[in-house]
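S.K.: Sequence:
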Amino acid sequence: MRLVREEHRAVIIGSGFGGGVAALRLAQAGVPVTVLERGRRWPTGPNAETFPRISGLDKRALWYGTLPAAVRPLAQLIGTPLNFAPYVGLLEPVLGQNILGVCAAGVGGGSLVYQGMTLQPSEAVFSTWMPQELDYRRMNEIHYPRVAGMLRVVTAPDSLVRSPTYYAARVFAERVRRAGYGLEKIPMPIDWDYALAELRGEMKPSYTNGDCALGVNNGGKHSVDVTYIRQAEGTGRVRVETHHHVTSVARAADGRWEVHVDRTDDSGTVLEQKILSTRALIMAAGSINTSKLLVRAGATGAIPDLPDALGEGWGTNGDRIYAWTNLQEDFGAEQGGPVVYGSKAWDDPHTANTIIQASLPPLGLDSRTTMLVGFGVSADRGRFHYNTTTDSVSLHWPRDGDATSHRSIQRRVTKMTKGLGVLTDTNALVNSTWHPLGGAPMGTVCDLEGRVRGQRGLYVLDGALIPGTTGACNPSMTIAAVAERAMDAITEHDIDTIF
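Heads up: the sequence shown at position 203 corresponds to 869 in the numbering used here, and the numbers run straight through without jumps.
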């Protein structure tokens, strides 16, 4: 196998929210940056067929392989094929002890497939679950608004919500109000004119039929690849290398960082191997993959003297997903999406949760079902372990982890749907999270700016930096805002001394 050695001034592993923010801000500070992305680009446009559809999944859906055996009951429930040819697909299911984590691949990371809720926690909830030294008030004035501006977040227009395929959203709103809970529209990084154009017949349905669970083919979604990454590449200082699968990281004898990479084709065949050397390495491969790389590097001695707490502080963000089936209410075979309404219960920051309604993707039949998703808060944490026999890292989660959070969400969901249909708790079938957080958290492993303690030039700027929860919100907004805050400090203090 051909081996290539390269020198780079700054290397970022991953192109999601953390990696996208870091790439843009370093480039604006004058630093040439190489971004390594294991997946491919997913260009969209009106009437494109870039992303797979739930009704006819193919190899584009999965990262190099098949669903783990523990996921098959859930896959069979929604009629999903179980085996695909190897491909640089969108989603990597990672099965741990008592938990299944879902990781994204592709330029833009998780922003390609997330529904788009752009939620900012309240000061009380944020300060209860995140280090108070982050200074919520300053983040509220500077960093959260900066992210909202970059993603161009807005709520869905009433004219869209009144349309026939958004009936499920209107039913959810009515049930929330009847239960006595607060209701509000959820800010989304979407140009809703695309959805309105679909209603006028100018584009084939993508938003208005809910067929956007694995990416929006028509475009109009302000994901990281078309916001942060596009602006970063526009500076001329950022190079995004796709199909670059990082296999390990190490610290060289001279103190620089070595990144070992397999460059592959779409099927995963290794075309060449690379060793990239750099003075500054930013880990932004997502909570699970960043943690795995660092835990293995520490256990094998590839990076000596990593903090003892590395691998700890991992959480699920309190995720809970329900299928709500109501034979007396026709939600519609096609349900407009991705998300319109949500209900927050944030008065008590120790039990805070948010519940949203999400469209069920079109499956070719009317199951009279829609989806309800909850995000909670929980003090339960898992950790990563290195196995010397297999030279691999596995994720361990307590059997009853998040039980208190789940009961809090269950009570509210049950009250909302009382007397109307049946709730199916998908987490009872397969305990899963689409929002893994922690593994290299601030406070114990990193400082607030993501600098790994005792490791000059090594940074963590993704979900691994977040201590287990983002405060009853999906994590994207907070991950990006924390990265923006960190990059303000890094570009001010570290450019001349580290980079």
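Keep in mind that the hints are not guaranteed to be accurate.
[Unchecked claim] With a cut-off of at most 30 Å between alpha-carbon atoms, the simulated DSSO-like pairs for lysine-lysine come out as follows:
no., residue 1, residue 2
1, Lys1081, Lys851
2, Lys725, Lys851
3, Lys870, Lys851
4, Lys870, Lys1081
5, Lys1084, Lys870
If you are wondering where the hints come from, they were derived from the structure by calculation, not from laboratory data.
S.K.: Determine for every hint whether it applies to the structure shown.
M.R.: Hints and how they fare:
{"no.": "1", "hint": "Lys1081 to Lys851", "verdict": "holds, 20 Å"}
{"no.": "2", "hint": "Lys725 to Lys851", "verdict": "violated, 34 Å"}
{"no.": "3", "hint": "Lys870 to Lys851", "verdict": "holds, 25 Å"}
{"no.": "4", "hint": "Lys870 to Lys1081", "verdict": "violated, 37 Å"}
{"no.": "5", "hint": "Lys1084 to Lys870", "verdict": "violated, 36 Å"}
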